[in-house]
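J.: Listed here are the chains, written in short residue letters.
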Amino acid sequence: MANKRVAIIASNGGLDSAYKVLNIATAAASTDAEVAIFFTFEALAIIHRDAAAMLTMGPGKEHYAEGFKRANVPGISDMLEMAKELGVKMIACQMTMDVTGMTKEMFIDGVEVGGAVTFLDFAYDADVTVTF
Amino acid sequence: MSDVQANKSIDCKGLSCPMPIVRTKKAIDEVQPGQVLEVIATDPGSVADMKAWAERTGHQFIGTTAENGTFTHYIRKSNPSETKPEQTHPHVISNEDLLAKLPDHPVILDVREPAEYAFGHIPGAKLVPFGELEEAIADLQPLAEQDIHVICRTGSRSDMACQVLSERGFSNVKNVIPGMTGWTGPVESK
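One line per chain: the protein sequences are A and B, in this order. If you're matching positions, the first sequence starts at 1306 in our numbering and goes up one per residue. If you're matching positions, the second sequence starts at 22 in our numbering and goes up one per residue.
Excised from the complex, chain B in its bound form (with noise of 0.2 Å):
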């Protein structure tokens, strides 16, 4: 999992509660919504308290790694909004229907963020991070007559990405409600 991206990196090695909590809090206020923060602590009680740390204030736990002792936490600042998308393009699929096509081989592009994607995805999704989409758009040209189920956490950036991809031409865009949030198919990590 050496792969994963993050934005921000925090080192608290060595450091005993609550000071992990605590430089993940002052590290999280310096981050933008939407990145993801990699705090590397050696605190046995950090695997637990992150994860509560995270539901608690909001922000999205995305996993923990462990490797000799060390703990490398991921968490993606959330959006105030995100919680409640707002939804705006008008074709939508639930994660149902999607999981019932699965067998066909369906084209799925995953927005989230790298590190998201790596901790857990639809075998066979694309990995587009929303941020990096218009630059995709090109490579992504031969598939914009196919059916495009377009997915991300909880159908917030799936729906933007979803609206930029119909202005671009692709006519059957569906972006897939709630998304991996609710995602109970098949999953892999990479």
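Same shape as in the complex, but just chain A (with noise of 0.2 Å):
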């Protein structure tokens, strides 16, 4: 069976986006699927250094956390290193980092920087496509 390629675009932060994000990073590349995400705007957050710090749930999804620890769902640090291990690659966008000022070292290991024409290289022979 050939591998199916699917191509993740996360663009917003906060905690429970980046649970939706490597949630079906992991699970697709755990059914041997390619995988790429393209990480913009405050989706950096995600594969920040500080992402423990950076990531909230947000006023009014206060609730989830309570949820998470009894769901036992693993932390947003091991969830990337299993999308990691897994060979998820993970693409931070230039364009943002300009803008915000945010460097390559800001990001856990793993990440490559690239602009959107890197993203769309690989999305052209998705055949799957999600944004969060």
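Source of the hints: derived by calculation from the structure; they are not laboratory data.
Computed spacing ranges between beta-carbons, pair by pair: (1) A:1377 with B:101: 33 to 41 Å; (2) B:100 with A:1410: 44 to 52 Å; (3) B:100 with A:1405: 45 to 53 Å; (4) B:187 with A:1375: 53 to 61 Å; (5) B:184 with A:1436: 51 to 59 Å; (6) A:1325 with B:61: 25 to 33 Å; (7) A:1368 with B:115: 57 to 65 Å; (8) A:1390 with B:162: 48 to 56 Å; (9) A:1434 with B:53: 29 to 37 Å; (10) A:1325 with B:88: 30 to 38 Å; (11) B:144 with A:1436: 51 to 59 Å; (12) A:1390 with B:189: 45 to 53 Å; (13) A:1390 with B:153: 34 to 42 Å; (14) B:30 with A:1430: 33 to 41 Å.
Subject to a maximum C-alpha distance of 20 Å in a straight line, what follows is the list of computed PhoX-like cross-link-like pairs (lysine-lysine): (15) B:122 with B:147; (16) A:1325 with A:1389; (17) B:47 with A:1309; (18) A:1309 with B:72; (19) A:1389 with A:1409; (20) A:1374 with B:34; (21) A:1309 with A:1389; (22) B:47 with B:29; (23) B:72 with B:29; (24) A:1325 with A:1374; (25) A:1389 with B:47; (26) B:72 with B:47.
Cβ atoms here follow ideal geometry from the backbone N, Cα and C, with glycine treated the same way.
Hey, can you piece these two chains together into the complex? The hints should help.
T.: Shown next as structure tokens:
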């Protein structure tokens, strides 16, 4: 069976967005899909070294925190580690970095920096594209 | 169904989606083709996910047992060549022809793994996992002159088993094609 290709665009910050992105990414990669995530705008917080401090649930969503604990959901850093281990490609948006003054060193290891075309080059041949 | 045998077992109790799948993927990479992986989970979503995962990745979903909110899934790691078996044993019999002979109680050897057999086999079929065939030859000797029908899931393992039996002097061995994957006749589970 030819492997499927999944292209994910992450453009929102927040802990809930981080889980949406990483759950789909790890599930797809576990099912032998080739996965790339393009992190842009607020979503760059997900791959930031200080993600734990930067990602919060946001007002009105505090009740999730307890649920995550109860459901034994791994932390974001664990999810990222798993995603990397499964070969998920992570691309940080150069343009957002320029705008916000972020540098590659602020991100976890394994993140590539690229422009829209870098992601599109992967996405052109994608079987599934998801946006968060 | 507690007697289902597995080569490896992983505990995903208490874990939510997608963790059971992520762990399963990791574990399947650690077993050999043909071996059976047991995944114990409490996530009700894993029941549908595990099946979909196996279909997508080409591994064989054998079955799930449920007990007190715990789900035990069995998956057999497939061999890349398995879906397109190379037929080499010249004597074959179709599922339909074997079904027609069932009232005469034909000799049927099921050469799949015990876990696959446990989830559904032809009534009266004798379990001889392919990996244990060599050791079982002596016990099978009384059948050497009889018609023997060898079955597995897709006709691949049974083909190899037919060749082994023929080489050891079993004269009337037939490979059942395509095998349990297309079997529409009666099935019993243990």
